[in-house]
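Peer 1: Let the sequences and hints guide you as you build the complete structure.
Here the protein sequences line up with chains A and B, keeping their order. Here the working numbering is used: the first residue of the first sequence is 34, the next is one more, and so on. Here the working numbering is used: the first residue of the second sequence is 2, the next is one more, and so on.
Calculated directly from the structure, the hints in this document are not laboratory data. Incorrect hints may appear among the rest.
In silico BS3-like cross-links for lysine-lysine, where the CA-CA straight-line distance does not exceed 27 Å [unchecked claim]:
1. Lys342/A x Lys471/A
2. Lys342/A x Lys497/A
3. Lys471/A x Lys497/A
4. Lys68/A x Lys401/A
5. Lys401/A x Lys342/A
6. Lys342/A x Lys41/B
7. Lys202/A x Lys437/B
8. Lys483/A x Lys408/A
9. Lys145/A x Lys163/B
10. Lys145/A x Lys342/A
11. Lys471/A x Lys483/A
12. Lys68/A x Lys437/B
Because the structure is a prediction, the values reported are computed rather than measured.
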Amino acid sequence: MDLLLGDTLTRLVFFPALACLPLLFFPSRAQRETKIYALAASFVELALGFLYVARRWNPAGFPDLHDPVHEWISGFGIRYDLAIDGISMPLVLLTVALLPLVILASWHGIEKHWNGFAISLLLLTTGMLGAFLAFDLFLFYVFWEVMLVPMYMIIGIWGGHRRIYAAVKFFLFTMAGSLLMLLAILWIGWTYQATTGTWSFSLGDMLRMDLPARQQIWLFAAFALAFAIKVPMFPLHTWLPDAHVEAPTGGSVILAGVLLKLGTYGFLRFALPMFPDAARRAIPLILALAVVGVLYGALVAWMQTDMKKLVAYSSVAHLGFVMLGLAAFDLVAWQGALLQMLNHGLSTGALFLLVGMLYDRRHTKEFKEFGGLAKVMPWFAFFLVFSTLASVGLPALNGFVGEFMILAGAYKSTVGDLRLPVALASVGVILAAVYLLKMLSQTLWGPITKDENRVLRDLGWREKLTLAPLCVLMLWIGVEPQRFLAPSKPALEATLRTVTARMAEVPPEAPVVRAAALGQLPVTEAIAAPQAGESRERSR
Amino acid sequence: MSPSYAVGQADLVAILPEILLSLAGIAVLLLDAFFPVTRKIATFFSGAAVLGAAWAMWTQVPEGTSFRGVLESTPLTTGFSLVVLISAFLSLLATDRYLRRERILNAEYHALFLWCAAGALFMVRATELLTVFLALELLSICLYALAGFHRRVQEASEAAIKYFLMGAFVSSFLLLGIALLYGETGSTQFSAIADAVAAGRGSTLLIALGFLLVLAAFGFKLSVVPFHAWAPDTYQGAPTPFVAYLSVAPKAASAVVFLRVLQVVTSSGAPGKWVQWITLLAAASMLVGNFLALVQRDLKRMLAYSGIAHMGYLLVGFVTLDRESWSAALVYLLAYALMNAGAFAIITQLFEREGEPHLLSDIAGWGYRRPLLAACLTACLLSLGGIPPTLGFLGKYFVFLHALRHGHVGLAILGVLASLVGIFYYLRVVYFLYMKPEVREPVAGTFDLWGNAAAVLAAGSLMLLGVFPGPLVDWITQAIARLG
Numbered sequence: 034m035d036l037l038l039g040d041t042l043t044r045l046v047f048f049p050a051l052a053c054l055p056l057l058f059f060p061s062r063a064q065r066e067t068k069i070y071a072l073a074a075s076f077v078e079l080a081l082g083f084l085y086v087a088r089r090w091n092p093a094g095f096p097d098l099h100d101p102v103h104e105w106i107s108g109f110g111i112r113y114d115l116a117i118d119g120i121s122m123p124l125v126l127l128t129v130a131l132l133p134l135v136i137l138a139s140w141h142g143i144e145k146h147w148n149g150f151a152i153s154l155l156l157l158t159t160g161m162l163g164a165f166l167a168f169d170l171f172l173f174y175v176f177w178e179v180m181l182v183p184m185y186m187i188i189g190i191w192g193g194h195r196r197i198y199a200a201v202k203f204f205l206f207t208m209a210g211s212l213l214m215l216l217a218i219l220w221i222g223w224t225y226q227a228t229t230g231t232w233s234f235s236l237g238d239m240l241r242m243d244l245p246a247r248q249q250i251w252l253f254a255a256f257a258l259a260f261a262i263k264v265p266m267f268p269l270h271t272w273l274p275d276a277h278v279e280a281p282t283g284g285s286v287i288l289a290g291v292l293l294k295l296g297t298y299g300f301l302r303f304a305l306p307m308f309p310d311a312a313r314r315a316i317p318l319i320l321a322l323a324v325v326g327v328l329y330g331a332l333v334a335w336m337q338t339d340m341k342k343l344v345a346y347s348s349v350a351h352l353g354f355v356m357l358g359l360a361a362f363d364l365v366a367w368q369g370a371l372l373q374m375l376n377h378g379l380s381t382g383a384l385f386l387l388v389g390m391l392y393d394r395r396h397t398k399e400f401k402e403f404g405g406l407a408k409v410m411p412w413f414a415f416f417l418v419f420s421t422l423a424s425v426g427l428p429a430l431n432g433f434v435g436e437f438m439i440l441a442g443a444y445k446s447t448v449g450d451l452r453l454p455v456a457l458a459s460v461g462v463i464l465a466a467v468y469l470l471k472m473l474s475q476t477l478w479g480p481i482t483k484d485e486n487r488v489l490r491d492l493g494w495r496e497k498l499t500l501a502p503l504c505v506l507m508l509w510i511g512v513e514p515q516r517f518l519a520p521s522k523p524a525l526e527a528t529l530r531t532v533t534a535r536m537a538e539v540p541p542e543a544p545v546v547r548a549a550a551l552g553q554l555p556v557t558e559a560i561a562a563p564q565a566g567e568s569r570e571r572s573r
Numbered sequence: 002m003s004p005s006y007a008v009g010q011a012d013l014v015a016i017l018p019e020i021l022l023s024l025a026g027i028a029v030l031l032l033d034a035f036f037p038v039t040r041k042i043a044t045f046f047s048g049a050a051v052l053g054a055a056w057a058m059w060t061q062v063p064e065g066t067s068f069r070g071v072l073e074s075t076p077l078t079t080g081f082s083l084v085v086l087i088s089a090f091l092s093l094l095a096t097d098r099y100l101r102r103e104r105i106l107n108a109e110y111h112a113l114f115l116w117c118a119a120g121a122l123f124m125v126r127a128t129e130l131l132t133v134f135l136a137l138e139l140l141s142i143c144l145y146a147l148a149g150f151h152r153r154v155q156e157a158s159e160a161a162i163k164y165f166l167m168g169a170f171v172s173s174f175l176l177l178g179i180a181l182l183y184g185e186t187g188s189t190q191f192s193a194i195a196d197a198v199a200a201g202r203g204s205t206l207l208i209a210l211g212f213l214l215v216l217a218a219f220g221f222k223l224s225v226v227p228f229h230a231w232a233p234d235t236y237q238g239a240p241t242p243f244v245a246y247l248s249v250a251p252k253a254a255s256a257v258v259f260l261r262v263l264q265v266v267t268s269s270g271a272p273g274k275w276v277q278w279i280t281l282l283a284a285a286s287m288l289v290g291n292f293l294a295l296v297q298r299d300l301k302r303m304l305a306y307s308g309i310a311h312m313g314y315l316l317v318g319f320v321t322l323d324r325e326s327w328s329a330a331l332v333y334l335l336a337y338a339l340m341n342a343g344a345f346a347i348i349t350q351l352f353e354r355e356g357e358p359h360l361l362s363d364i365a366g367w368g369y370r371r372p373l374l375a376a377c378l379t380a381c382l383l384s385l386g387g388i389p390p391t392l393g394f395l396g397k398y399f400v401f402l403h404a405l406r407h408g409h410v411g412l413a414i415l416g417v418l419a420s421l422v423g424i425f426y427y428l429r430v431v432y433f434l435y436m437k438p439e440v441r442e443p444v445a446g447t448f449d450l451w452g453n454a455a456a457v458l459a460a461g462s463l464m465l466l467g468v469f470p471g472p473l474v475d476w477i478t479q480a481i482a483r484l485g
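Peer 2: Set out below in structure tokens:
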């Protein structure tokens with residue numbers, strides 16, 4: 034109970050789930066009250082998240098913090114272990130920040146069953162935050178799955194015409210990957226037990242265990258499949274355009290803004306550090322798929338005539354960049370990748386919001402229905418241009434910093450000669466400019482061809498309020514990136530050190546558990562000797 | 002066993018739950034005969050009897066054997082007995098309104114129901130094949146009668162006849178198997194059979210055949226492929242609240258006997274490729290059950306096939322037999338009891354006409370008409386699909402962990418892929434409930450307090466035990482440790 038009421042991660046994670054309970058008793062006619070309640074709850078969650086981080090803020094590096102560890106299923110060494118560090122902190126903030134914006138954006142777009150919608154959103158938030166913060170593999174898996182059902186509901190109930198197809202495809206794709214990941218989790222938990230005699234699923238313990246090369250490959254494959262589907266990496270991306278196009282605006286924003294990040298986060302946190310030898314062997318494959326994703330996503334986006342599909346495919350391209358950065362195993366590239374995760378959440382989130390606002394007015398997302406909108410909707414045009422330029426990677430906006438760091442870091446990567454992938458991915462930057470500017474020119478500029486468009490209302494204050502924070506952040510990250518990069522640097526550095534140290538080792542013949550993880554991952558130490566009942570805070 | 006054995010007080014205390022159930026059955030029948038007005042409270046009386054039996058099982062029955070080792074009582078048998086009683090209780094909660102609505106409120110239903118619960122409890126605790134057989138007959142004969150209880154519905158007669166004919170065959174197989182084992186080993190006690198086989202007595206062929214017949218008989222009761230054909234037709238025609246019981250309790254009791262027999266087989270080193278056979282049964286059940294469930298349009302039939310698949314998952318835990326098989330089976334069956342009995346209890350309330358098929362397409366859009374029932378059904382189905390944080394996930398966790406630990410990686414992968422198929426059709430129900438426009442109005446039934454209680458109880462326990470599984474797992478771990 035202390036865990037839930039104190040200033041803890043637990044409170045942050047479970048507040049949305051608890052906030053659902055009163056919603057069960059809201060009559061379905063009280064739509065307005067439901068919306069206001071959901072908005073209030075989301076602001077409380079936002080405040081909880083920001084206060085938690087602000088109290089522990091250190092501009093030189095965000096500390097590694099664990100909630101008191103509790104035994105969850107003690108017979109199997111399964112622990113309730115939530116922790117935050119510089120890697121998860123920005124993603125957690127992104128999650129809590131998008132929630133109120135999503136509710137504001139859905140104010141009129143969602144017309145029925147508002148309490149169901151609010152419940153789904155809040156439960157989804159609990160799942161996402163839990164997955165970002167779980168440091169026990171079993172716990173992580175539980176949160177990972179908890180996200181699925183609410184998202185299925187959001188797409189399936191409030192989505193477009195082909196919503197059922199999209200929702201089921203989303204669910205089955207994700208589930209297929211994660212079920213095999215579950216088997217892999219069980220396997221390593223059992224291997225740990227067979228080697229040491231005690232059960233554990235804790236990430237810290239797993240990082241101390243060196244596995245034979247053959248086992249690593251299979252286990253990495255299972256984890257990587259689950260995460261690659263979520264990212265999504267080419268050729269597992271086919272669920273994404275369907276899900277995005279059919280999902281309501283709010284669903285798309287959450288999907289693109291946060292859910293996809295769980296895939297890249299999973300690679301960074303789990304798949305790469307736990308199976309270093311397999312990861313090293315997989316670098317060429319990851320690079321190839323990442324670059325193909327960048328180019329293929331860009332080319333397909335170019336061909337789209339539907340704004341939402343274009344933005345969806347641009348996600349495939351952008352996340353290809355992130356994967357490229359991760360596969361470089363270089364600090365600068367990793368920093369860029371983490372920043373790019375944040376950037377993509379902001380700029381793509383904003384783009385989906387804008388497409389949604391247009392759709393609310395005209396009930397279409399086809400380019401050919403628009404043209405010359407800048408004349409009738411100047412504010413809309415301003416925000417669209419701003420977000421698009423951020424997404425393209427215009428210097429002084431956030432996208433530039435991320436992409437530049439990824440490419441620069443990968444170029445000097447020590448794991449191999451990455452010049453060709455970098456060169457190819459750079460072409461992707463140009464392509465991004467081509468397709469995104471094509472979207473701008475076809476919708477905003479030129480003559481007004483359709484009479485319906487002459488009377489379109491410009492953005493109202495609620496919509497401006499939704500977009501403004503995102504644009505401020507995009508600009509802020511663009512002009513002062515160091516403020517956003519520095520807090521994550523030590524955590525990334527530590528993870529990278531562990532990964533590279535473990536990669537350099539020759540894998541043993543049989544599983545071996547070391548006293549401490551190679552490369553001294555500070556987070557690991559904290560888990561290795563859990564002292565239940567007290568919260569440890571360490572800052573460097 | 003000498004005829005001069007006198008039944009002592011300890012023996013009677015040991016079977017107190019069964020005595021309670023049997024007496025309650027007789028009482029409810031006689032009361033109905035002499036004071037017909039009492040049938041109105043027969044369901045509540047029976048529910049109280051089931052709760053009483055559960056209380057007796059939990060607190061009164063001492064650990065150890067009784068009736069000269071014919072019945073045993075361990076924490077594990079208590080666990081399995083409670084699974085049986087939980088399904089009985091959930092079933093009874095949904096029964097009252099159903100019997101009134103269908104105008105078949107007679108106390109015979111309750112009497113038969115309580116007696117077959119007693120049979121299932123005996124079966125769980127029997128350590129000797131003839132007692133198992135007697136318990137199975139007590140259970141089965143009541144089940145046959147109950148399956149056809151709704152006389153005016155044609156499918157009910159079909160259900161009962163099919164179940165009865167198949168069941169009669171199976172009983173004779175079982176008897177033949179027992180006879181062969183007795184002939185070759187000179188005993189019907191599980192432990193004595195194991196010793197005799199281990200000592201190399203008897204013909205290996207006849208012993209293998211005897212085991213095969215016994216296992217096949219319980220495979221039939223478990224409805225694993227290829228002994229599954231009766232299940233869909235019987236489930237479809239039998240009274241829906243009764244299916245909540247039929248789909249769980251006989252399977253739980255049979256799973257225990259199945260495990261006991263398998264334990265004899267493996268511990269005695271009886272001839273035969275048992276591991277391969279069980280693997281094959283498990284794989285076939287998971288695949289056939291899930292793929293056939295995929296094409297069902299009738300909810301009850303769909304759940305029948307899903308039940309076949311679930312017994313396949315259960316068998317995955319039996320492939321290599323050790324103590325963890327017992328804990329895996331107990332967790333799985335507890336989850337199965339709550340989610341399957343819960344789902345049938347809810348379906349009872351959603352469909353108001355037993356004579357009509359329970360079509361999936363009929364419930365389209367009812368998620369907003371019957372919010373509570375629909376939400377609880379969703380929880381039960383997600384648990385059946387093995388999605389965390391539900392108890393169904395924990396059941397699958399135990400089973401697949403067991404398979405991995407004993408090197409059956411292929412079977413585990415097959416299992417999770419089969420469960421992916423399962424998730425597809427469970428989700429389809431959710432999709433009909435919430436995402437399809439309504440095609441047919443739900444009958445405006447009055448508020449069924451007890452039925453709703455069953456739904457909330459099942460769904461709530463699934464969620465609660467899924468989120469806080471610690472006490473349950475600890476209890477089972479201790480129960481296993483006490484086995485010695």
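Peer 1: Against this structure, judge whether each hint is valid.
Peer 2: The hints, checked one at a time:
no.: 1; hint: Lys342/A x Lys471/A; result: 14 Å, holds
no.: 2; hint: Lys342/A x Lys497/A; result: 23 Å, holds
no.: 3; hint: Lys471/A x Lys497/A; result: 24 Å, holds
no.: 4; hint: Lys68/A x Lys401/A; result: 34 Å, violated
no.: 5; hint: Lys401/A x Lys342/A; result: 14 Å, holds
no.: 6; hint: Lys342/A x Lys41/B; result: 62 Å, violated
no.: 7; hint: Lys202/A x Lys437/B; result: 17 Å, holds
no.: 8; hint: Lys483/A x Lys408/A; result: 13 Å, holds
no.: 9; hint: Lys145/A x Lys163/B; result: 47 Å, violated
no.: 10; hint: Lys145/A x Lys342/A; result: 25 Å, holds
no.: 11; hint: Lys471/A x Lys483/A; result: 19 Å, holds
no.: 12; hint: Lys68/A x Lys437/B; result: 24 Å, holds
Of the hints listed earlier, those the structure fails to meet are numbers 4, 6, 9, in rising order.
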